Every structure is written in structure tokens, then in C-alpha cells.
Amino acid sequence: MLSAVNASPSDTLQPASSDEEARAPLSAACALLVLMVQSQTITQSGAKTDAEADFQNMEELKKQLSDAIQQAKDAADHSGFLGFLGDIFGGDVAQIAGAVAAVAAVVATGGAAGPLLLVALAEGLQAAAKLGPQLGIDPKICMALGLASVAVGVCTGAGSAQAFGALADGARGVELGAHVAQGASTAAGAALHFVSGHYRAKSLGHQADATSYQAANDTKSLDLEAALDLLQRALKTEQRETATVSAIAQNNSDTDTALSNRI
Amino acid sequence: MTQAIAPSAVGFASELAELLIQTESAQSDSAQLQRDAARKDFLDNAQHQIDALHEAAADVRTGAFVSAAFTVAGAACSIGSAIDQYNADMGSSTLCAYGPKTTPEIAGDTKAANLLGSTSKGLDALGGALKAFVGDAAVTNDNANAKYFETQTEKAKWLEGDASTELDKVAKLGDKILDVLQSINQDQNSANNALIGRI
Chain A
1 MLSAVNASPS DTLQPASSDE EARAPLSAAC ALLVLMVQSQ TITQSGAKTD AEADFQNMEE
61 LKKQLSDAIQ QAKDAADHSG FLGFLGDIFG GDVAQIAGAV AAVAAVVATG GAAGPLLLVA
121 LAEGLQAAAK LGPQLGIDPK ICMALGLASV AVGVCTGAGS AQAFGALADG ARGVELGAHV
181 AQGASTAAGA ALHFVSGHYR AKSLGHQADA TSYQAANDTK SLDLEAALDL LQRALKTEQR
241 ETATVSAIAQ NNSDTDTALS NRI
Chain B
1001 MTQAIAPSAV GFASELAELL IQTESAQSDS AQLQRDAARK DFLDNAQHQI DALHEAAADV
1061 RTGAFVSAAF TVAGAACSIG SAIDQYNADM GSSTLCAYGP KTTPEIAGDT KAANLLGSTS
1121 KGLDALGGAL KAFVGDAAVT NDNANAKYFE TQTEKAKWLE GDASTELDKV AKLGDKILDV
1181 LQSINQDQNS ANNALIGRI
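Residue numbers (this note's numbering), protein chains in the order written: chain A, 1 to 263; chain B, 1001 to 1199.
Source of the hints: derived by calculation from the structure; they are not laboratory data.
Nothing here was measured: the structure is a model prediction, and the numbers come from that model.
Incorrect hints may appear among the rest.
Claimed, not checked - Below are the DSS-like pairs computed for lysine-lysine, each with C-alpha atoms no more than 30 Å apart in a straight line:
id, chain 1, residue 1, chain 2, residue 2
1, A, Lys202, A, Lys73
2, B, Lys1169, A, Lys48
3, A, Lys63, B, Lys1101
4, A, Lys63, A, Lys236
5, A, Lys48, B, Lys1111
6, B, Lys1172, A, Lys73
7, B, Lys1040, B, Lys1155
8, A, Lys62, A, Lys48
9, A, Lys202, B, Lys1157
10, A, Lys48, B, Lys1172
11, A, Lys73, A, Lys236
12, B, Lys1147, B, Lys1172
13, B, Lys1101, B, Lys1111
14, B, Lys1147, A, Lys48
15, A, Lys63, A, Lys73
16, B, Lys1111, A, Lys236
17, B, Lys1157, B, Lys1172
18, A, Lys62, B, Lys1172
19, B, Lys1101, B, Lys1121
20, A, Lys62, B, Lys1157
21, B, Lys1169, A, Lys236
22, A, Lys62, A, Lys73
23, B, Lys1040, A, Lys236
24, A, Lys202, A, Lys48
25, A, Lys48, B, Lys1176
26, B, Lys1172, A, Lys202
27, A, Lys48, A, Lys63
Stated by the list, open to error - In silico negatives: residues of chain A with every beta carbon more than 10 Å from chain B:
id, residue
28, Met36
29, His78
30, Ala102
31, Gln207
32, Leu222
33, Asp229
34, Asp254
In this text, a Cβ means the ideal position worked out from N, Cα and C, and glycines have one as well.
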């Protein structure tokens, strides 16, 4: 009777001939189970194919996931390095250039007022030298103040003014250069920060790709698990159905034997 | 004799088995549909999560571009301001101490320097604000969306697991159906044997 399991459904479900009339009830009982066994066989085949395909896809997805993670890591490294350079150019170098420009500006503006400051200093020293004896200051000190006044007065001549003018011009040039350097450094820092941001975006994009591959891998894993479950169920069910068919056939055979013996 | 008795017995068993199998099939189909729906939800939410992460990456790039563009423009204005200021200072240094304090050219340079300086500061501030608005805020929003869809993805995964568990239960029900079918057949045969014994 187990041969009926391997028979086609059309053969099993055909009307019983005269030779098969005795087995007609048995065939009717087993026909359904034969169909079920055949269904389980088809299910097994499909589950095996699905499991193999899912396993191959998972291998490919794991490789793609690994590549995406590595690319994200490389992009993050580039982003970090370029961001560091951007911080240096846009921060430290620009600040140093700004400080140089500020010092140069002080020198330039102080240089322009230098002759006036020296004139004022000379006048103050001269006044101190004159008023010192009246205020009770040591005459030697008053004499020294007078000499200093003369010395400073000599320094307030035209040559000194020209020298201060040249220094101021040089300081203005330095200030301009420092401002240009500050602006260029800031622009370079901004450009580096943009490239750093671009690489960070690439890193995030690769991370998104990795998430995509991970999700696909999870899906394939679930599919593989479902396919294996289905295969396991199909094998178990087929075994149970075959055992049931055998048991029914055996039981019917025993009944027929008992009936024959009785007759 | 067996032909007269067995067909009805086996027919009853077959009909019962068929009904039970139909029930099992319906339950299995239902669980399978739930699993497919959960799988579809999983894929949809995962795709939304990935789209949100890609949008976050694009917003990071946009924010960096906007910030860099405004900063470079501000730096260019700063350089222009410094050049104009230099021209104004150099023009002032050549003026006679007892003459006019400025000239139209010096005044123009000074005005341009002040204008460019103010523009530079404004562009710097605007770049920072736009980076926060276009870049950082949008990135935060996209990340929040990605997190939401990640949660939905996990939920769909749980539902898919529940559906798989239901499928397992249905499969166990199928085993019970086979046991019932076999038991009915045995009972019917026993009854037939008893009846034959009585004859």
C-alpha cells in the first residue's frame, strides 16, 4: 500500500475497477493522504530551494555589509582628519593672523602718533625741570630731567617723524597681509570643513547602506528560518502521513484477514 | 462484507479528516498572511528608516555647504575690507598735517572697508545660523524619523515571529488531525471486527 504514496493523484483518484473494488475503501481513505504527502514533497522541494537561495543571498549581503562598514569607517577617518585641518586653519591660524594684524594695527596707529607723544614727553620733562626746584626736588634730578628733555626734544625732529612714518607704513602692510592671511585661512578652514562635512555625509550614507544591508540580511535570515521551519515541518508531516497511511493500511489488512478467516 | 461496512466508516473518517485539514489550512493561510504582512511592514519600515538616514546624510552635506559658502563669502569680504582700509590708511598718511583730514577717495575707501567689514560679520553670523537651521535641525529631525521607523521595524519583526509561532501551532494541529484520523480508522475497523464476530 505504500506504493500508493508514490502513485500520482490521478491514478489514485480514478474510479475503482473490478479488480480494485476490494481496495476501493482503502484507496479512498489513502487518496487524501497521498495528496497530502505529494503536497509535502512539493513543499519540501520549494523550501530547499528557498533555503539555498536565502543562504547565498545572506553571504552576499554579509560581504556588502562588511564593505559598507569599512567604507563608512574610511570616510569617517577622512572627515575627522579634514575637520582637524579645518579647525587648525579656521581657528588657530586665523587667530594668530588676527593677533598679528591687531599688533600691526597698534604699531601703525602708535607710530603715527609717535612724534606727538615724544613732543609731549619733552615738554613735560622740561616743565618738570623748571618747576622741580620750586617743588623742593633735588637739583641734580632737575638737571637730569632737563637733559632728558633736551634729548627727547632732539628726537622729535623731522628725521624721527619720517622714521615713524616708515614704520607705520610697514605696520600697515603687515596688518593688511595678516588680514588677508586671516581671511584666506578662514576660507581654507571653511573649505576643509565643507570637505569634512562631505566625507561625514558619505560616512552616514555608507552607514545607511549598512543598515539597509543589515535589514535585508535580517529579512533573508527570517526567510531562511521560515524555509527551514517549513522544510522541517514538511519532513515531519510527510513522515507522519506516511506512517498514518501505513498504519491504516495495516489495520485494514488485518481486518480483511480476520474477515477472510472468519468466512 | 467489508465493502458494505468499510466505505461508510472510511468515508466518515475521510470527511472528518478533510474538514479538519480545511480548518488547519485556513489557520495556516491566516498565519501565513500575517507573516507576509509583517514581513512587508518590516521591509517598508526598514526602507523608510534607510531613506531617513540618507536624508540626514544629505542634510549634513547641505549644512556644511551652506556654512562653508557663507564663511568663504565672509572671508572674501573681510579681505576686501582690509584692502580698502589699507588704501584709506595709506591715503591718510600722505596728507599734510595742516591740510584737509580726508579726501573723497579716502572717504570712499573707508566707507567700502566699513561696509565690507559689516557684511563679513553678517555673513559669518548668517552662515552659523543657516548651518544650524538647514543642517543640524534637519539632521536631528531625520534621525528622529529614522529612530521611529527603526522601532516600527522591530515591531514588525516581533509580529513576524508571532506569526511563525502560530504556523508552528497549526503544524502541531495537523499532527493531531493525523492521530485522530488514524484513531477513527482503528475504531471503525474494531467495530467491523466486532460486528463480523457477532455474525
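Each hint, compared with the structure:
no.	hint	verdict
1	Lys202/A to Lys73/A	holds, 10 Å
2	Lys1169/B to Lys48/A	holds, 22 Å
3	Lys63/A to Lys1101/B	violated, 76 Å
4	Lys63/A to Lys236/A	violated, 34 Å
5	Lys48/A to Lys1111/B	violated, 82 Å
6	Lys1172/B to Lys73/A	violated, 48 Å
7	Lys1040/B to Lys1155/B	holds, 12 Å
8	Lys62/A to Lys48/A	holds, 21 Å
9	Lys202/A to Lys1157/B	holds, 29 Å
10	Lys48/A to Lys1172/B	holds, 21 Å
11	Lys73/A to Lys236/A	violated, 47 Å
12	Lys1147/B to Lys1172/B	violated, 38 Å
13	Lys1101/B to Lys1111/B	holds, 15 Å
14	Lys1147/B to Lys48/A	violated, 36 Å
15	Lys63/A to Lys73/A	holds, 15 Å
16	Lys1111/B to Lys236/A	violated, 92 Å
17	Lys1157/B to Lys1172/B	holds, 23 Å
18	Lys62/A to Lys1172/B	violated, 34 Å
19	Lys1101/B to Lys1121/B	holds, 28 Å
20	Lys62/A to Lys1157/B	holds, 20 Å
21	Lys1169/B to Lys236/A	holds, 14 Å
22	Lys62/A to Lys73/A	holds, 16 Å
23	Lys1040/B to Lys236/A	holds, 29 Å
24	Lys202/A to Lys48/A	violated, 39 Å
25	Lys48/A to Lys1176/B	holds, 25 Å
26	Lys1172/B to Lys202/A	violated, 50 Å
27	Lys48/A to Lys63/A	holds, 23 Å
28	Met36	violated, 7 Å
29	His78	holds, 13 Å
30	Ala102	holds, 12 Å
31	Gln207	violated, 7 Å
32	Leu222	violated, 6 Å
33	Asp229	violated, 7 Å
34	Asp254	violated, 7 Å
Checked against the numbered hints above, the structure breaks hints 3, 4, 5, 6, 11, 12, 14, 16, 18, 24, 26, 28, 31, 32, 33, 34 and satisfies the rest.
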